[in-house]
Structures are given as structure tokens and as C-alpha cells.
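The listed protein sequences derive, respectively, from chains A, B and C. Take the first sequence: its position 356, counted from the start at 1, is 356 in my numbering, and no numbers get skipped. Take the second sequence: its position 215, counted from the start at 1, is 1215 in my numbering, and no numbers get skipped. Take the third sequence: its position 299, counted from the start at 1, is 2299 in my numbering, and no numbers get skipped.
Treat the hints with care, since some could be wrong.
[Stated by the list, open to error] Mimicking BS3-like on lysine-lysine, the simulated pairs with C-alpha atoms at most 30 Å apart in a straight line are:
(1) C:K2250 <-> A:K109
(2) A:K231 <-> A:K30
(3) C:K2303 <-> A:K121
(4) C:K2308 <-> C:K2174
[Stated by the list, open to error] Computed footprint of chain B on chain C; a stretch qualifies when at least three of its residues, placed anywhere within it, have a C-beta under 8 Å from a C-beta of chain B:
(5) 2090-2096
(6) 2232-2242
(7) 2290-2300
The hints are simulated quantities; they were obtained by calculation from the structure and are not laboratory data. Don't be surprised by glycine CBs; every beta carbon is placed ideally from N, CA and C.
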Amino acid sequence: MSDYIIEMNHITKRFPGIVANDDVSIQVKKGEIYALLGENGAGKSTLMSMLFGMYEPDEGEIIIRGEKVKIASPNHATRLNIGMVHQHFKLVSNYTIAENIVMGMEPVKKTFGFLKTLDQKRSNEEIRALSEKFGLEVDPTKVIENVNVSMQQRVEILKMLYREAEILIFDEPTAVLTPQEIEFLLEIIRSLRRDGKTIILITHKLEEIKKIADRCAILCRGKLVDVLDVKETDTKTMANLMVGREVNFSVDKPKPDFGREILKVEHLTVQNEDRFEVVKDVSFSVRSGEIFAVAGVSGNGQVELADAVAGLLKPSGGRITLNGKDITQATIRSRNLEGISYIPEDRQNVGLVMDLSLSDNLALKNYFRPPFSKGAVIEGDEFIRYSDELIEKYDIRSGQGSGTIVRSMSGGNQQKAIIAREIELDSSLLIFVQPTRGLDIGAIENIHRQIVEQRNRGKAVLLISLELDEVMNLADTIGVIYNGRIEKIADAGTLTPGEVGEFMMGVGGRHEKA
Amino acid sequence: MKKHDWIPVLTVLLSLVLGIVVIALLGKNPFLAYYNLLQGSGLAPKASYAGHKGMITDFTSFLNALTPMLLASLSVLIALKAGLFNIGVSGQMLAAAFVATVLVGYSELPAVIAKPLVILIGFVVGALVGVLVGFLRHRFNINEVVSTIMCNYIVQYVVSFFINVFFVDPVSRQSKNINAASRLTLVDAAVGDYKMDIPLGILVAAAAVAATAFLLGKTTLGFEIKAVGNSSRAAEYAGIRVGRTRVLAMMLSGGAAGLAGVTYYLGYFCSMQPRVLASTGYDAIAVALLGNSSPVGIIFSSFLITVISKGSTYMSSTAGVQAEMASALTGIILLISACGAYVRERLDRWKENR
Amino acid sequence: MNTIIIDGLSFALPLFIMAIGGIYCERSGVTNLAIEGLQGFGAFCGALFAVCIAPSFAGDSPVPFYLAMVFAFLGGMLFSLLHAMLCIRFKANQVISGVVINILAMSLTEFMTKQINASIFQAASNKFVLGVSSRITVPGISSVPVLGAVFTNLYPFEPVIALIAFIAWYVLYKMPFGLHLRACGDNPHAVDAAGIEVGKVRLVAVLVSGALSGLGGICFAYSISANFSSNIYSGYGYLAIAALIFGNWKILPTLGACLLFGFARSGGYELVKLLEMPSSYQDLVMVLPYVLTLLMLVFFGRKNHSPKALGVIYDKGAR
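With the rest of the complex left out, here is chain A (with noise of 0.2 Å):
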């Protein structure tokens, strides 16, 4: 018997196109808080996947208390006491929390002597005695859809700890919680750990590993690069390590040329779909020939901020003028008539029509007019020409050409096609969020190439970005935003990237004062 609880040795994970995981090799022992650190793409949450029974691994093995298994399904891993609390939760909404974190293990009693019937009462008690032996705080009855998402998330711990599980893998829990939340967060895994639980966490986050880990495994490109022991080595190490490289590559940016105010936003109040305030009283303007980055952890309102600034969302309250003209209430249409450029977040439900031609999708915003139309009447000839034109320009590989459907494109590919067409409609405003979201290294590059190329040629730059290190290179002024506000907008100069994140925590400025 080996002193470990997991053992995965050798596993190699082959997608279509990709190596997920190329002869990584973990250990995890019993009773430890073990990190699993890396890039966007780095291969963690396949790695987790496997262990919990979503895939299986092409090459390698996994040993649980050292018994060579082969897990099939997550029901499997449930029974060898592995549980996961998912990035995107798995709860349904309309049920209570008692409801959820029973399902499929529900205590019943017989009706009559015979009927399987639902014990509510007693699940809400074992329920209500779980969350306070484990000091995880739930009112069992309440529904899900009422409670926020600290709480899912604390039902989803539940899930696992009702299921008994031994082994508990989070798939970065933190990122959509706000600093208190991620402190308390912490603070309960550090208790699980008390109790006797062994606990894998998935993240990018240095700060949370320093503060919580034991031992912390470094992926980047789907290989392992070290094993390290956290109390041991600074945060530099891993985030060097992490990027497989010295992080501090920068692009050649010349000196910064600010013309005229393009876009201002005055007072700007937005509202999600469920009539949620997002975007609280956001106020910035930003130049021609600059680069305005807005920095924020994920959920923090920016998405919305650009959406609003786009016309995809109508906003509440404030204002939103564009070369000196209000266009709060503007169609999207004409706001991009007016000059503004959008490369969404989603590119693939928003940025491109995924079963229409890389022709028609080249066009899709200018379709209506001429040379692409003739009053109604659309020139096919001219999409041809046109979409000939940029995919040799901007260098679009496709498989047929024009007449590729984009869905059967690679999404370095896809997202090309999508700044091709937003950079050559001309426009004073380039709105970019995250632009080189799961891209390879290369991409990257290229993409932060053109997006300070544009700059210079005069035009204004809103870049939204989760990536500190995207934000750090390009911006000209940064705009951090925390539960949507703009906590603080500074030169880029100004900042280091330690300001720049406690202000995404929420906790900037404190140096200020004193």
C-alpha cells in the first residue's frame, strides 16, 4: 500500500485536434489540500474529469487507495467517495436545497406499507443536521432559484458531503464569488480538510493557492511542468512556471497619441435579464488612440458594460454618447453605423451565425448596402470577392474557403473571421472583450498586435479582459470594475498589477489613504 489516496500515472487525453493531457502523472495524499494550477486551456478540469468518470483516459491509469481503477461514470466515482463541484453548477432551479442535494439518494418512507413515498421532513432534517456538522450554513426548504450563488455553491458542497464523499475536487470555486464569499470559501475547506476530507482545487488563482495549499501541481500545454510544495516557493515561481515562460512579455507599443473624445459614458445604470442591477453608475470616456482596458473578475457587470455600450442591452439609467452624439436610446443598428466595432465574448452564439457560410458571416454587417446590396437585391458576387479579400488579409484558414461553414472552423479561426469583420468595417470604437479568450499562444499574439495597431491608427479601444496580463500589456488607461462599479481608473503607468487587483477585489486603495 502506497501512502497515497490518488495515484493518476502516466494519463494522456487526446481531443480531436489537441492533447488535453500529454503523460501527466499525479499524486495526491490523503488529508491534503492539493492545487491544480495553470493557463486557460492548461488541461486541468480534463484531468479532474477523468478522475471523476466523465472521460476516460486514452493512456495511463488511475489508482484510488491503491486499487487500480477504471472509473466509468461519475456514479462510479461516487461510490469511490470522489465528489465535484462543478464550475457551471448542476441544480435545478425550481427545487428546494433539500431536494437537490438528496436527489437520486432520497430518504423514503413507506405509504400504506408499501409506497416508496419522499420523507420530506426527514431530508430536511438530515440536511439541516449536515450543513451544521460540517458548518455550512443552509436553510434546506428555501428554492434554489431564491438563494445566491455563494449559497448554490454551498449546496453543492453539500451534495457531495451527503454522497460521503472522501475525496473533493473544486473546479475554480472562487471565480464567481465575491471577496468575503472567496474568504469564506477557504475558510470551509480548510475545515473539510480538518475532518479528514482530501481536497483537489482547480485554479489559476496564485493567492488562493499560497494562502490554502499544501502541495500544488503546475500544468501548462496539457503537461505536467513540476510538483511543488507551496510553502516553499514564491508566487513569481509559479506563475512563471504556470506560463511556461517569463511572464512579462510585453508588445511594442509606441508612445500613446490621444486624440478627441470618442465614446463617453455618463452615469451609465444597467439591468440584467432578471431585473438585476449589473452596471451601478459607471462613468469613463475614452479617447481616439487609446487603449481603455477595463480589468474586473469574471461576473463583475463588464460583459454588460459592453453589451449596453453596444446596444444589446438597453440601459436603466445614464448616458452614452459617440463622437459628441447621444445614442443611449440608438438600435444597434445604427450604433454601428455611428463607428462601433463589437468583438463579443461569445463568439460562437453571438459573434457568428455558426451554420451560415464564412462569406455571408464576413458580411453580416454590411450586407444591406452597397456594393453587398443593390436595394434589396444582395450581390453574391461581391460576398465572394470581399470575403477573398480578408481571409487573405487577415489570414483565415478554412477548409472550402468562402463557402466554409464557419461551424466547421477552429475557433483561432472563428474568432479571426470576427475581428476581420469588425476592423474593417472602419469604425471610431473597437470594443474587444476577451478577445483571446482559450486561444493559443500565437493567436494571442496576433491579436494583441492588431488591437495596438488600431490604436494607432487613431481609433479608440475598449478592451474588457479577465486576464490581468492582457490588461497590463495593452492598456493605455485601466478601469477596474468590482460588483459594477468602477472602482478606480488610472494611466496604465500608475498601477502595478498588485494595485490593479486588490482594486478587482475590492479592497484597493487601502495605501492610499494611509
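Based on the hints, put chains B and C in the right spot on chain A.
Frame of chain A; chains B and C shown alone:
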């Protein structure tokens, strides 16, 4: 340049094979039965003809039956392109035909005015019902599947009420026959030695197919419809007014259904039966599917389905196979074609993942 | 007044049982437009069986009737297997599958009715003639004014439906399976994560829907025309869909909707008779359920929630 154009062909072949098995099990000659279908539709010569009848007359009466099917499928197709299911083609057909019957069919207008007027009214009334459905979706977010089903029955019973109270023919228990001047089919027209039914509606249908192909392939509205149908979020992002596009698509879809209605009730037939909706509207959904959702494709698919239904009477009298076998065969074709989408998707995935 | 209650109930209950089937199906996340076809096919199976065994029983024996119900139940279930296969296994569009199944049911039963009549009974007929169903009057309670009418002149299927409806309600809301089923219509991923197979739950839901539809179909065949013919396809299935939408995909409100539709119908008929209007005015009564449902959606659409995952094909990989 659609991929997997051969899938519908395979579907049909598979169904025909199934049909052969069934007919053979019934102890009849399947190939004779199929040949009878062609003969009954005027696509193959019969052994003998009654006076003034011939292959050509069979064929024109086949076209007469084809016309409403083609238009109804077109209606489904246009809605489908905008991502909407028009389950209400039958109701739209009946509504349009009823209004046209009452306003023109019972009038004394001369043919040159009456016939175009019937077509116009058919289109307008169908379009209005379509607009209502589109509006309910846009303004109140009522799923068009639900609203079209409700509309079907509302139309069915309201029309039935008016027929029974005001326009009933006491003998046939149907609505009184319309005047020949307003009928879109020339009945028993003498051409040479033959007396044939000439469906003028087939010209309307042909024009409608061409117009739809042009609309979807060559116009900005068509582009918008396709974008909305494929991804309403992406369409909205591109500045397309999604609600307006949906209402317009439903208008055109309803209009085509209205045309189907007038060619059916004021062409193929000349009266309406109370409390009955034509099955054409439901068949059309499947025909549109079988036709690979393309205007050219539905020419073939509605041709096929009409051959089977139109030829069935002759098949029954000659091969001794129950005429209802034909609609069962149609049902099987449609069933298999519903699985076609799955096959297509699997092939696409497989290609992607290679 | 009594006639209104008696006729209203005998119409509302078969409708209700079909709507419950629809609720099972749709609450599990599978759109069901196939109820019309399923009830027809079920009725066909039941009627065929009844016709086959009728000669071996005395003319007024209720046995063929009950056996017909069993076979309608099984027949509907068998045919719904097609819907399940298309929607769950082949991931076909659920609306299209429903439409296709309706067309297929209609054409198959028409063909087979004629074929069977021709080859087995040597008769050229397109219907199966069923015996007239006996009626039950509960002694004692039936003489209570108004309420008594509920227990007067009952079709034998009415108490059966009431019992099955209660069981269906109990299973859906009180038993673990019901909990899983309703969860499938909201978030199938949660069900999967809880170790329950979404496909299996949905399969059972579709089969229940088919069985209950078949049951409703044979009841209509007995109560309305006492025979099986293509007249069975006159929109009861779609009316059941209207009822379950009206009832917001919940069993008790749907019962309310069915009773409303049933009493409106029988009441309307009585009114037409009373005012000595021609029977064609009944058509205006028939419009009511559909108009009411549409109006309700227009005015209370916000409070009307279809199951979240309804019509969405479940893909394990997608989030």
C-alpha cells in the same frame, strides 16, 4: 452546395423497400402496385382509358393535387428558415379559402377579375393570420407551435359555424359549391379530344417557388431570415431586428399557406367540409423536411408524396392494395426522414472530429 | 343541469388523463405534440382487441370493455416508443417527431382498420363497431342534488381514470421517480450528476404519456361514437395540450382546465338546445378552450412557465 444531399434520396429508397416488403407480405405484387401509382398520376400509360381521358388528363389532375401541397410545403419552409414551426398551415389554408369563397366564390364576378382576386385574397388572409402568430411570438413571447395549434382549431370551428349557418349545401353537408368563374382549376376543359382539369394554380405555385428561392438566396430580407433562424442572438448583434424579421417571415409563410388554401378549396375542390382541416398542412411539415428545406428540394418531395397519394386510388382498384396503404407509405417516408436529421448531424460531427 | 355535469365529466376525464400523460412527457423535458396520434393508435389497439374477443362474451358483458382499456393502454405505450426513440435516441427535433407520429398513426390505423376488416372479418368497412358501454349509477349518493350528478350515469372508465389520475399525481409529486422526472425538465445535467440516467427517466415519461393517451383515446371511442374510425382524430390530443398549457404543466390546475373545457362544452350544448338554436351553434362553444388558452397566454404568459429544458435535446457534453 449543401452537404449530404443524398440523405433524402436514401430515406425514400429505404421507405420504398419497406413498402415492398409490406405489400409482398399482404400477398400482392409490390412492383405492380408502384407502377400503378405512376399510372394513376399520369406518369405512365394505363392499359385503357375512358372516353376523353388519357395519360395527359391524369397528369393534369395530378398537377391539380400537387399545387396545394407544393405551396403548403413552401409555407412551412419559409417559417422554418426563420427558425419557426408553422404547425398552423391547415388553419391558414382554411381561413384564406373561406374568406375568398365568401367574397368571390359566391359572387357573379367575371373570371378575369374573380380568379386573380381569389389569389390575392388567399395571400392576404393567410398573411394576416401569419402576422398574428408572429406578433404573438414577438410581443407576448407565445411559442408559435402553441399559437398555431390554437389558431387551427379556432379557424376550424368558426369557419364550420359560418358554413353550417349560412353557406351549407343541404345535400352534401358541405359549403355550397363556388361559381366556376372563381375556381382556379378549369374543370373538364376540352383540349383536342381530351377533357381535362387544368390547374391554373400550378403557375402560382411555380412562381411562388421561384420567388421563395429568390427571396432566400438573393435578397437582404432572405439573408436576415436565415440569420435569425440560425442564431437569433447573432442576428440581433449584427443589428438585424429579430422581432420584425420573424413577423415578416410568418407573414410570407402565412401568405403561402393562404395560396395553398385557395388552390385547394377553390381549385382542387370547390367547397369546404365543416369541422375538417386538410391534412395537407401537417403533411407539408414533413414534405419540407424531406425536401432538405430547400425550395428546389420540396419540388421533388411534394412530387413524390403527391404521386403516392394521387396514384393510390388506381393502385387499389388494380393491384388490390388498400388505398390507405399509400398514406401509410407516406407516413413511413416521413418517419424515416425525421431520423435523417440525426444521420446528417452524426456525419457532420464525424467529419469535424476527423 | 345534471346532463351538463354528466356529459361534462365524461368528456373532461379522458381529456384529463391524456393531459396528465402530456404533463409527464413535457415535465421530463420532451415536447409532446404526438398525443393526438398516440390516443388514436391506442384506441385502435383497444378497439381491435374488443372486436376480436367480443363474440366470446355475452352482449352486455363489461369484460371486453375493460380489456379494451388495457390494450389501448399498451398500444399507446407501444406507439410512443417511436416518439421516445426519435427524441431520445435519434435526437430528432421533438416538434417534427410529434407531427410525423400523428401522420403515421392516422395513416397506419386507417390502413390497418380497412385491411383487417377486409381480410379477417371479410367486410368492407373503415371502422370497428364497439358495443355501447354500460353506465353506472352509484345508489344512494346519486340522489343528492347537484353533487349526485357526479355519481350518476358514469361510464365505467370514469372511476378508472380517477384512480389512475390519483396514482399519476402521487408518483409525480410524492415519489422519488417523480422528483427525478420533474428535475429532468428543469436541469437534466443536475439529474445526470446525481447518478440518474436522464434518457431512462425520459423514456419512461414518454411511455407513460403514450399509455395514458391510449387510455384516453379508447374512452373517447366508447363515449362519443361507440366505434373506432378515423373520426377519433378530431383534435382531442391537441385539446389536451391546450389544457396542460392552461394548467401550467401542473396536474391539479390541469384538472381544472379539463373540467372547464368539459363543462363549457356540455353547458354550451345544453344552452344551444335550450335556446332552440340550430346545432351548428355548438361550433362556437368548441372554440372556447382554444380562445381561452390563447387569451390566458397573452394576459398571464409571464406566470406561465413551460419546463426550462423542454424541447432541448440533452447532450451530456454541453453545459
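Outcome of the hint check:
1. C:K2250 <-> A:K109: 24 Å, holds
2. A:K231 <-> A:K30: 18 Å, holds
3. C:K2303 <-> A:K121: 29 Å, holds
4. C:K2308 <-> C:K2174: Status holds; Cα separation ~21 Å.
5. 2090-2096: holds (count 6)
6. 2232-2242: Holds: 6 residues of the stretch 2232-2242 of chain C have a Cβ under 8 Å from chain B.
7. 2290-2300: holds (count 6)
Hint compliance for this structure: no hint is broken.
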